[in-house]
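Take a look at the letters that make up each chain.
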Amino acid sequence: MMAAKKTAKKAAVAKMTAMDRVKLARDPKRPHIGDFIRLMCSDFEELHGDRLVNDDRGLIGGFATMDGEKMLVLGHHKGATVEENMEANFGMVNPDGYRKAMRLATLAEKFHLPVVTFVDTPGAYPGDTAEARGQAEAIAKSLEFFAGLKTPVVVVVTGEGGSGGALAIAVGDTVLMLENAVYSVISPEGCAGILWRDGAKAPEAAEALKITAPDLLKLGAIDEIVKEPAGGAQKNHAAAAAAVKKSVLKALKALKGIPLDELLNRRYAKLRAMGNFFK
Amino acid sequence: MGWFEQKEKPKIPQAKALWAICPKCMSHFEKKVWQDNARICPKCGYHGRLSARERIAQTADDGTFCEVFREVSYSDHLKFHDATGPYRDKVEATIAKTGETESIVVGTCEIGGHKAMLGVMDFSFMGGSLGTGTGERIARACEQAVAERRPLVLFSASGGARMHEGILSLMQMAKTSAAIGRLKDAGLPYISVLTDPTTGGVSASYAMLGDINITEPRALIGFAGRRVIENTIHQKLPDDFQSAEYLEKHGFIDKIVERRNMKAFIAKMLNYWGF
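Read top to bottom, the protein sequences are chains A and Z. Position one of the first sequence corresponds to residue 12 (my numbering), numbered consecutively onward. Position one of the second sequence corresponds to residue 339 (my numbering), numbered consecutively onward.
What the hints contain is simulated information worked out from the structure, not anything from laboratory work. Here the structure is a predicted model, which means the values were calculated and not measured. One or more of the hints may lead you astray.
Covered by chain A, per the in silico footprint, the following chain Z stretches (three or more residues, Cβ under 8 Å) [stated by the list, open to error]: (1) 361–373; (2) 409–419; (3) 463–475; (4) 539–552; (5) 570–582; (6) 593–603.
From the derived model, a few chain Z residues whose C-beta atoms are all more than 12 Å from chain A [claimed, not checked]: (7) 376; (8) 433; (9) 487; (10) 504.
Virtual Cβ for every residue (Gly too), placed ideally from N, Cα, C.
Could you put the whole structure together from the sequences, leaning on the hints where they help?
Listed below in structure tokens is the structure:
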């Protein structure tokens with residue numbers, strides 16, 4: 012009986028197309044950063060603002076404790092209710108959000124605490140105000156900043172890893188990804204619109220872009236896949252959070268005690284090896 | 339990510355041989371006038387696009403440019419295939435047409451007598467898109483610059499990451515930014531010249547990370563494409579949105595430098611550094 016069920020589940024998973032995963036990754040019922048923090052951490056003290064102009068609600072963070080381990084968590088915030096969605100701009104972050112992330116991570120460095128980031132965004136906000144305040148500069152600076160941050164960084168891609176807006180807080184020592192999350196250079200719809208001249212060809216584009224967790228593991232873009240409960244994380248937040256917690260704690264334990272120079276050299280070597288097909 | 343979002347060019351086949359049309363103000367000129375004026379529009383001052391080789395000839399001291407990492411080229415690790423055919427065919431056709439093997443040409447040179455590591459992107463190579471080969475050339479250039487104590491000068495011209503190479507093209511944003519961080523940590527200056535157009539994943543990585551960011555008059559510089567933004571905010575954007583002048587006004591560009599003064603300006607900056 013159990014074996015039959017397992018085989019059926021395996022077959023269902025194997026049959027899932029890339030676009031099926033995109034739909035799952037975008038499911039509003041999927042656990043969001045607030046759920047993960049609540050279910051994984053015994054306490055969380057949110058800290059606000061970029062100290063420049065704003066407190067971007069699309070990216071939140073603060074000190075937290077997980078299984079007795081102190082840390083700084085930050086990540087995209089899509090919001091769970093319509094009001095929260097609006098306030099958080101559906102997780103589409105402005106430059107202020109990335110500048111807040113850097114400010115908080117600097118705090119982690121100073122407090123000698125590791126950083127855990129949660130990645131779930133359709134992409135950085137494509138708006139006129141975002142451009143005026145330097146969206147490109149904020150993302151660029153964030154990439155350079157996290158590559159050199161003098162404390163361990165563990166990244167969890169929990170839902171949509173939308174291009175540069177995701178990558179800005181996804182440079183770290185260990186990159187975990189939920190089984191049904193996706194992570195891509197461009198949305199399947201955007202890619203289909205350009206290369207297929209037809210947004211409706213998104214399923215083809217999703218397939219061609221190789222954006223699912225198993226594909227990304229093969230390509231070396233992520234380090235580990237976190238299994239989701241049967242049917243997907245949206246069906247059982249507690250089980251999904253427990254699985255993420257286990258992997259995060261394992262990753263943090265492995266990074267703890269690595270001398271700083273070595274940690275930074277390893278992080279650089281990892282980035283340096285990305286797509287180096289050339290002798 | 340943006341390299342596709344160029345304005346539609348006017349199609350006037352008969353006139354093509356004789357006339358040049360400024361893509362910004364749509365004024366017509368004799369082709370000779372356009373060429374003799376270093377592809378600068380005599381009417382609106384827009385600085386037209388140049389090939390990497392033309393740029394290098396205008397920037398490096400005569401006979402000093404020594405190209406490196408030419409063996410690093412594109413990679414088709416996804417065996418990417420879209421509605422119009424395989425990526426491999428497209429990129430091979432681009433290589434045959436341009437004579438380049440990636441969207442950036444890098445090498446050592448002297449600029450006004452100052453030694454430098456120079457990289458110049460070529461928009462005619464796949465829209466100047468950032469592929470794995472592009473990122474690898476830039477990272478290697480940074481490392482060689484550190485080893486030889488050379489300041490880094492990069493000219494960007496790109497629509498963004500190359501989606502045909504998938505997630506690993508996105509990762510080049512992180513890789514190049516990390517390499518530039520190390521160059522800066524080593525105390526070396528990085529001068530970034532954002533030329534028309536610099537958008538998407540390239541503006542959101544190495545192009546915006548210059549110790550000194552400079553650009554040319556009327557260049558298009560931004561993160562998201564104009565149409566995407568207009569669709570998001572449901573408003574028409576002003577003409578000067580995402581222009582060099584707009585970026586300077588908002589504090590992201592140190593100086594707008596005319597093409598005829600570009601080499602002298604870079605040399606002057608390197609002279610201030612003084613090593």
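Each hint, compared with the structure:
1. Taking a C-beta to C-beta cut-off of 8 Å, the region 361–373 of chain Z contributes 0 residues in contact with chain A, too few for the three needed, and the coverage statement is violated.
2. Note: the region 409–419 of chain Z has 8 residues with beta-carbon separation from chain A under 8 Å; the three-residue rule is met and the coverage holds.
3. As drawn, the region 463–475 of chain Z meets chain A at 4 residues by the rule of a beta-carbon pair under 8 Å; at three or more, the given contact holds.
4. For the region 539–552 of chain Z, the proposed coverage by chain A is satisfied: 8 residues have a C-beta within less than 8 Å of a C-beta in that chain, meeting the threshold of three.
5. Here the region 570–582 of chain Z counts 6 residues with a CB under 8 Å from a CB of chain A, which clears the bar of 3, and the coverage holds.
6. As drawn, the region 593–603 of chain Z meets chain A at 0 residues by the rule of a beta-carbon pair under 8 Å; below three, the given contact is violated.
7. Residue 376(Z), annotated as away from the interface, keeps every beta carbon of chain A farther than 12 Å; the closest lies near 27 Å.
8. Distance to chain A confirms residue 433(Z) as a non-interface residue, since its nearest Cβ pair spans about 15 Å, more than 12 Å.
9. Here residue 487(Z) stays apart from chain A, with its beta-carbon at least about 20 Å from theirs, past the 12 Å limit.
10. With a least beta-carbon separation of about 5 Å from chain A, residue 504(Z) fails to lie farther than 12 Å from that chain, contradicting its non-interface assignment.
When the structure is compared with the earlier hints, violations turn up for hints 1, 6 and 10 and for no others.
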